[in-house]
Amino acid sequence: MATGSLTPRQRWQHELLEPTLKKAPERAARFTTVSGREIARLYTDDDLTRDDREAAGVPAGEFPYLRGIHASGYRGKLWTMRQFAGFGTPEDTNARYKALLAAGGTGLSVAFDLPTLMGRDADHPLAAGEVGKCGVSVMSIDDMARLFDGIPLDRVTTSMTINAPAAMIFAMYLVVAERQGVEWGQLSGTLQNDILKEYIAQKEYIFPPRPSMRLVTDTFAFCAAQVPRFNTISVSGYHIREAGATAAQELAFTLRDGIEYVQWGVDAGLTPDQFVPRMSFFFNAHSDFFEEIAKYRAARRLWAEVMRDRFGARDERSWKLRFHTQTAGVSLTAQQPDNNIVRTALQALSAVIGGTNSLHTNALDEALALPTEASATLALRTQQVLAHESGLADHVDPFGGSWFVESLTTQLEAEARDYFARIDAMGGMVAAIEAGFPQREIADSAYQFQRAVEARERVIVGVNDYVDANAPTPDILYIDEASGDTQMARLERLRASRDRARCAAALGRLREAALTPQNLMPLMIDAARERATVGEMCDALRDAWGEHQEQSVI
Amino acid sequence: MTERKVRVVIAKPGLDGHDRGAKVIARALRDAGMEVIYTGLRQTPEQIVAAALQEDADVVGLSILSGAHNHIAPRLMALLAEQKLDDVLVLIGGIIPDADVPRLQALGVKGVFQPGTPMQEIIDFIHQHVRARV
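Listed in order, the protein sequences are those of chains D and C.
Counting in my numbering, the first sequence runs from 1 upward without gaps.
Counting in my numbering, the second sequence runs from 1 upward without gaps.
The hints are simulated quantities; they were obtained by calculation from the structure and are not laboratory data.
Partial selection, computed: residues in chain D whose CB lies under 7 Å from chain C: (1) Gln202; (2) Thr333; (3) Gln335; (4) Ala443.
For clarity, every value in this text was computed on a predicted model and none was experimentally measured.
Note that beta-carbon positions come from the ideal geometry of N, C-alpha and C, so glycine has one too.
So here's chain D without its partners, still in its complex pose (with noise of 0.2 Å):
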């Protein structure tokens, strides 16, 4: 072939590339994401589309958002550097709260404790040698109040995780605020309640899918009118992601669980105006840099286009896609911990070149107990670094019209859509969720990638290669054990002081109400004032609507 009709990609091919290869072949026969996608040796103007060039052409602050939802980025307003903690008594989490807001952290996000989480009690049998353990015990309004001591709720945004009981955690919450004197209108920070995951990945459920997805929208209904700068929900990939999960599922998935919630509260008789404006969403970053940035990138368009298109929404703020964003607490390793600095931040750095509008960086040794107070602190420190010395606050989605990154943002895009459409023919999320369908995709995903590292197809330092038996293990934090005798203790002084015809009252009012369509909040907010307890709370809806039973799918 003459030379003359070659594309200048093709003559490259031709006369660099291929001498290149037989000189020194590369590393493996494909490469691939983290996520198992196969990428290119590189990236041109031939592998983006016309619309891809149009889209990217779009500037920051303009629908569909691929871009960010601010017109500035981060040059007005720095991300929410919100770390996660809870562990102990409340008064041992309040400590933390207080010594991370003392280190310039500027929200605060409430990890509960397994009991809180499944809304069982200090003293009930499945409690036993859980309470304080993975995050703080919160039984009743009593401790709500004493988690937040000497915070103004009016002067901080608190994210609470928590979803089956969210509902009566918030009633707590709201409760504790009126006490503070805070009216509700001035409250802001972001519930979880995001049950449709629990189902999915983390299996932090109690009652089955239906009556659950009623609870949030209560909550939805509820906050609309009464609390409107609470975020009422963030869907969540993290834990998707966390179980095991590609990129392309995590996106698929999350905004599919935002598309049902969203369908769920137009059926209840809200308009999406009315709702979406307030929800969130929560993602993970994952160690594959680029493919993260174009999977937040992706979220940002998905999301704008389905809410105009699929919903009609038409309040702009229903269309902008705010999200908060972890580190992969999967990608940490036990082993030389100190390498989960470096991991962490750069997980941290595609999350900020994503758009993130909070962050929460892991402390180093999460692969082997909550962190120290000390690892905590290095772990926001390592936030502070990136905003402040990096110069990458300074401004918007730098890698806006990358080829390569606007081809994987389009890519990942694409597969979601698909999945959106499985998932629609199945008759929705709750009904996939019914038949097992995103926790099979899931454990699939979690298979091969573990089978991958086993056959050392990928590299994880410290663990499959380079290893080193003599790596300084880190002084790691102990719950102190007394914490749930604590906590017992105090819950039958709480059962002895309190008026129980009052308490027995308003349980029952809950339990009658929940056969009904009313909406469930004002009630929780009696009972958590009559200082009923999260447990008494959950079990008089276990009455109502039973529990959820798992099929098991390996």
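Fit chain C to the known structure of chain D by using the hints.
Here is chain C on its own, set in the frame of chain D:
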């Protein structure tokens, strides 16, 4: 006569629902030719021992990430002994601090596998330690 397959009960005790590890190892053991029974989530020690008895298990593998191992393991080992199942090979995988490993071993837990353990190592361990069946 075909050789009897090694029978393994994989269980997740306690309230934690993070089942990625339990499911991955269940599948790996199955692919390695073992008969795997996965109990699902939130099993009490009583339920796990009942499953071991009913399934005639050679191995009981627990996945615990929540820090509850020091409460669960003693109860489970006592119940196994009560049912004369002391020859069942008991393994625990998950987030187990180094300091707790000797305590678990003293209770009779034969293998403790911390994060990053290759699946093959667990498969080999089972083959080496599982009781000989008549």
